[in-house]
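**Student:** Below, each chain spelled out in residue letters.
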Amino acid sequence: DGGITQSPKYLFRKEGQNVTLSCEQNLNHDAMYWYRQDPGQGLRLIYYSQIVNDFQKGDIAEGYSVSREKKESFPLTVTSAQKNPTAFYLCASSEGAGEAFFGQGTRLTVV
Amino acid sequence: DQQVKQNSPSLSVQEGRISILNCDYTNSMFDYFLWYKKYPAEGPTFLISISSIKDKNEDGRFTVFLNKSAKHLSLHIVPSQPGDSAVYFCAASPGGTSYGKLTFGQGTILTVHP
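Protein chains in written order, with my numbering: chain A, 6 to 116; chain B, 197 to 310.
Where hints are given, some of them may not hold.
Ranges between beta-carbon positions, derived for each pair [what the hints assert, rightly or not]:
1) B/263 with A/17: 40 to 50 Å
2) B/277 with A/61: 32 to 42 Å
3) A/17 with B/242: 39 to 49 Å
4) B/251 with A/12: 38 to 48 Å
5) A/10 with B/263: 37 to 47 Å
6) A/64 with B/250: 20 to 30 Å
Derived by calculation from the structure, the hints in this document are not laboratory data.
Even for Gly, the Cβ is constructed at its ideal location relative to N, Cα and C.
Put together the whole structure using the sequences plus the hints.
**Tutor:** Right, here's the structure in full:
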């Protein structure tokens, strides 16, 4: 089945630690995106990549980093510089003039 | 600066009736509009979209209307079913090479009562 796989589904982080969220797609899409959802709010764009080895900051990139070494993979690292990392993180991909497809999300909690 | 707004946090309708969800936007550069349905702890699922060159798009029970002059779009669900109960997000994109670069509204919780 084609789709987007995010792992893990739940992630706990201690304060001061970096954590990396995985996102893999087998849809052969060029573009990939990371969004964050907080309770009662819409999704906000963190980073996006339109092609391998290239990525741009979204609206709330501070405290996050990404890489795009392969077309299929777009991991997101939540660094210790992110002051409020507890949130639901969603990865998406799209191709051309088509809608974005989303993964099932990773819930990150700082403990 | 909320560029996409869904002013109704929730909507409750009876099964079989029409559900109308509304969305307003401020950025004239938006060229492509979408509606997503989302359940808690899951990713959004695409429902329907509309390009700025159209004013209506229909897919089964779902119809999206776009009023560019008013910068307003709406999603009509007819007839509403209990399985439609979810959070609905409207989203806007600048199109071009950035169709997936979406700006989302805050969402509207739809509850359809049997």
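**Student:** Given the hint of 39 to 49 Å, is the C-beta distance from residue 17 of chain A to residue 242 of chain B inside that range or not?
**Tutor:** 30 Å, violated
**Student:** Can you tell me whether the CB distance of residue 64 of chain A to residue 250 of chain B sits inside 20 to 30 Å?
**Tutor:** 27 Å, holds
**Student:** Return holds or violated for the Cβ distance of residue 10 of chain A and residue 263 of chain B against the range 37 to 47 Å.
**Tutor:** 38 Å, holds
**Student:** Quick check on a hinted range of 40 to 50 Å for residue 263 of chain B and residue 17 of chain A, using CB atoms only.
**Tutor:** Given a distance of about 46 Å, which is inside 40 to 50 Å, the answer is holds.
**Student:** Between the beta carbons of residue 251 of chain B and residue 12 of chain A, is the distance compatible with 38 to 48 Å?
**Tutor:** 41 Å, holds
**Student:** Taking the CB of residue 277 of chain B and the CB of residue 61 of chain A, does the distance hold inside 32 to 42 Å?
**Tutor:** 40 Å, holds
The structure fails hint 3 only (numbered hints given earlier).
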